[in-house]
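A.B. asks: Taken in order, these protein sequences are the chains called A and B. Residues in the first sequence are numbered consecutively from 32, following my numbering. Residues in the second sequence are numbered consecutively from 576, following my numbering.
Bear in mind the hints are in silico, worked out from the structure with no lab data behind them. Treat the hints loosely; a few may be bogus.
Computed footprint of chain A on chain B; a stretch qualifies when at least three of its residues, placed anywhere within it, have a C-beta under 8 Å from a C-beta of chain A [stated by the list, open to error]: (1) 581 to 591; (2) 605 to 616.
For the chain A half of the interface with chain B, some residues (derived, Cβ under 8 Å), not all of them [to be verified]: (3) I387; (4) G398; (5) G417; (6) P423; (7) L427; (8) G614.
Here are the computed distance ranges between Cβ atoms for each label pair [to be verified]: (9) A:I457 / B:R579: 53 to 61 Å; (10) B:R605 / A:A434: 48 to 56 Å; (11) B:E624 / A:E541: 48 to 56 Å; (12) A:G473 / B:H662: 55 to 63 Å; (13) A:D187 / B:R605: 32 to 40 Å; (14) A:G355 / B:A594: 28 to 36 Å; (15) B:R605 / A:V343: 32 to 40 Å; (16) A:P569 / B:S645: 31 to 39 Å; (17) A:V484 / B:A594: 22 to 30 Å; (18) A:R503 / B:A594: 38 to 46 Å; (19) A:R180 / B:H662: 45 to 53 Å; (20) A:L346 / B:R605: 25 to 33 Å.
The structure presented is a predicted model; accordingly, all values stated were derived computationally and were not measured. Here a beta-carbon is modelled for each residue, glycine too, at the ideal position from N, C-alpha and C.
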Amino acid sequence: MLPELGHFALILALLLAGLQAFFGLAAPALGRDRWLAAVMPATAGQAVMVATAFACLVASFVRFDFSVAYVAQNSNSALPLIYRIAAVWGAHEGSLLLWIVLLACWTIAVAFGVSRLPPRFGARVLGVLGLVSFGFLLFTLATSNPFLRLDPAAPDGRDLNPLLQDPALALHPPLLYTGYVGFAVAFAFAIAAMLEGRLDQAWARWTRPWTLAAWAFLSIGIALGSWWAYYELGWGGYWFWDPVENASFMPWLVGTALIHSLAATEKRGLFKSWTLLLAIVAFSLSLLGTFLVRSGVLVSVHSFAADPARGVFILAFLVIMIGGALALYAWRAPLLKSNAGFEFASRESFLLFNNILLVIAAATVFGGTMAPLISDAAGLGTLSVGPQYFNPTFLLPMLPLVALVAIAVHSNWKRGRLPERKRPVIVSGLVGLAIALALVLGYYGGRPGLALVSLALGAWLVLSSLVDPVDRLRRGLSLPRAIIGMTLAHVALGVFVIAVTTVETYTAEEDIALAQGETAHVGGYDFRFEGVASIDGPNYDGVHGMVQVSRNGQPVVTLHPEKRRYLVQQSVMTEAGIATQAGRDLFVALGEDLGAGRWSLRIQIRPLINYVWLAVALMALGGFLAASDRRYRSARAPATEPGEAGQGSTA
Amino acid sequence: MTPRRRRLILVLGILAGVAIAGTLALQAFRENVMFFFDPSQVAQGEAPEGERFRLGGMVEKGSVVRAPGSLQVQFIVTDFQRSVPVHYSGVLPDLFREGQGVVAHGRLGTDGVFNADEVLAKHDEKYMPPEVKRSLKPPATPAAAPQG
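Take these sequences, add in the hints, and give me the full structure.
C.D. replies: As structure tokens, this is what we get:
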């Protein structure tokens, strides 16, 4: 019964999403204000139906209903409860449903905030969100229905992909999707502004907190995925420039540009059409990311499903959504001129350069990600693009960006009075350089070069960002959350640069064959292999190795890297043994039995690697803090809608 | 400087920056892109000598030879018409198995042996790298997904 109920709820949700889109968009366009009253009920109804459908699918998983094809393919009677719930979004169909649920959550949140907006504008925002939801519901029902029955029912399920049986990966898709979908809100605001033909500073103030929150969620989602890849894929490394990672990274880069250009639009009424374009592109890349990953187009570990029949629908959906938005942009954006001027070294110029560098970075990632697809489709040969391309081309715009931020945090709006603020910039730069020199030459020993440059830049950014807020605190001035959030995110970027540079430069690693009782010396630590013992899990068996780690004869920790064999799919998984010690990760992965009593082991020592994820978490926290700033909460719409006058031209 | 002149310099500066970034990216792209070849193409001499490329196919059954207790391993990659011997030293991925698809990164030696520095086998049993699937020649029936 439950699957049918869920299916039915999805169909009702589709109808209600259609109504939400129709009334939300048609009422303002045709001037029928009485229709506006229908938008809210349709929105609420759609959300209830979507939630019902999702609850039905979760219940089918929890109750082991193997008569549902999707459950039978992704669950098993031995699967623990938490992974049965996570299995809901473990493959294509369920993750689409998760996308729709999260869109409904954002839509409801927007609907609560809509009372502050002019009614027609609010209706348009909800209408656009309804349209997006309609497209996804149609796609799900037409090609990817998770409620299809299996007749006869399977006696048992084929189990969730063992790679996904992990707490971090249970949370990774929901958080990542919350970020992706959050950009739909910025997108809806952008479309609504273009339909209105008006974009003022109030618009930017409404849009900013949503965009910040979406960006923060996306940051956490990406960090969680990277952390998972580090310890679950089993071979160390936290970023592989895998197409799937890039698919989530591109909207992040453009989203970062968007939150900065929104700042200029809000404060100075500048970059209006550019901000709109970024909002459209950020959401388009989110859509592209969702579909690229789940359609099986990409050659990647994430492509569980490969069904080209869905491709046509996806392509049509992308063309309509993105093409429609861009066409509207081409038509309406020229109406939205920015008319304020600014001087060369003003904050506006720095934000402009920030945007250029971020967009260049996103473009190089896009090029490297799409080139294999394009080359393949055009019959130019099968090629692959790896870190050898991405690392240098990504660093090229990013290192200047870090320097730019370190200077820009001291700039003023409108006026280029940087020379007055020279001192803190130069002093923090010199101190940063000294710290980097001390680290490279003293602590880590030798090998300066690019590492020195980027460590110095990172330290400079941390110090430079802290100068102003600390100064304000000392003078007894209050710090609004927006400033705290911004400072936190910029400091975190500096920490991130330092951490990544350190990991990339000073990691010690070795693949080695060891017999019981033999010792490997890696990076100043001794790894003594004590042999293997068998283990027995709920839905797997296998062996775990025992590796005694010591330093200068002092025992440090015992690591237990595992080799698991999941019984249903008969697949072998490596679970690395990891311990954090004095800011370093000691990492041991168990390879295979080489015969003659020896096992292959991969041993790595990665300094500061935890700070990579910690820094991203801090960035996200900064985003959330800034999004919760008081002035967004109190920003009510004036009784009369704001006119064209008073835009940006006030000094 | 008039504002107009300043804006011109700004725009030119941005254009120059974008142009430099684009050129460097293309350069990096051309130098670092890796092409894929199957054993038949290697046999016909299509693969570049001394350059890194990706070799893909099936691991021939019974071809994996390992010196006991050592990380050195040899195996043969085949597309069921031609085959290429591969030498590798290191930890093999979990899903590396005889009769399964594999992609190796490395260089072809003058002795016809492919020296791999990286061996990839995908983390999903149902999944076959599309380029490997396509490279397999007629007598092949790609191993079907095991029914659970």
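A.B. asks: The structure should be examined with respect to each hint, and the outcome stated for every one.
C.D. replies: Evaluated hints:
1. Against chain A, the segment 581 to 591 of chain B contributes 3 residues with a C-beta closer than 8 Å to a partner C-beta. That satisfies the three-residue criterion, and the hint holds.
2. Only residues whose beta carbon comes within less than 8 Å of a beta carbon in chain A count, and the segment 605 to 616 of chain B has 6; three or more means the coverage holds.
3. The beta carbon of I387 (chain A) is positioned within 8 Å of a beta carbon in chain B (closest approach about 6 Å), and the interface hint is therefore held.
4. At its closest, the beta carbon of G398 (chain A) sits 7 Å from a beta carbon of chain B; the interface hint therefore holds under the 8 Å criterion.
5. Here the hint on G417 (chain A) is kept, as its CB sits about 7 Å from the closest CB of chain B, short of 8 Å.
6. At its closest, the beta carbon of P423 (chain A) sits 5 Å from a beta carbon of chain B; the interface hint therefore holds under the 8 Å criterion.
7. This hint holds: L427 (chain A) has a C-beta 6 Å from the nearest C-beta of chain B, less than the 8 Å allowed.
8. The closest approach between the C-beta of G614 (chain A) and any C-beta of chain B is roughly 26 Å, which is over the 8 Å cut-off, so the hint fails.
9. At roughly 32 Å, the beta-carbon separation of I457 (chain A) and R579 (chain B) lies outside the given 53 to 61 Å, and the hint is violated.
10. Distance hint for R605 (chain B) and A434 (chain A): a CB-CB separation of about 28 Å, inconsistent with the stated range 48 to 56 Å.
11. Separation of E624 (chain B) from E541 (chain A) is about 30 Å and departs from the stated range, judged on CB atoms against 48 to 56 Å.
12. A hinted range of 55 to 63 Å is violated for the C-beta pair G473 (chain A) and H662 (chain B), which are about 42 Å apart.
13. For the pair D187 (chain A) and R605 (chain B), the beta carbons lie near 52 Å from each other, so the given range of 32 to 40 Å is not met.
14. Judged by the Cβ atoms, the range 28 to 36 Å given for G355 (chain A) and A594 (chain B) holds: they are separated by roughly 32 Å.
15. A hinted range of 32 to 40 Å for the beta carbons of R605 (chain B) and V343 (chain A) is consistent with their spacing of about 33 Å.
16. Checked against the hint of 31 to 39 Å, the C-beta distance between P569 (chain A) and S645 (chain B) comes to roughly 36 Å, which is consistent with it.
17. Here the CB-CB span from V484 (chain A) to A594 (chain B) is close to 23 Å, well matched to the stated 22 to 30 Å.
18. At roughly 41 Å, the beta-carbon separation of R503 (chain A) and A594 (chain B) lies within the given 38 to 46 Å, and the hint holds.
19. For R180 (chain A) and H662 (chain B), the hinted distance range of 45 to 53 Å is satisfied, since their beta carbons lie about 51 Å from each other.
20. In this structure the hint that L346 (chain A) and R605 (chain B) lie 25 to 33 Å apart at CB holds, the actual value being about 29 Å.
This entry does not satisfy hints 8, 9, 10, 11, 12, 13, going by the numbered hints stated previously.
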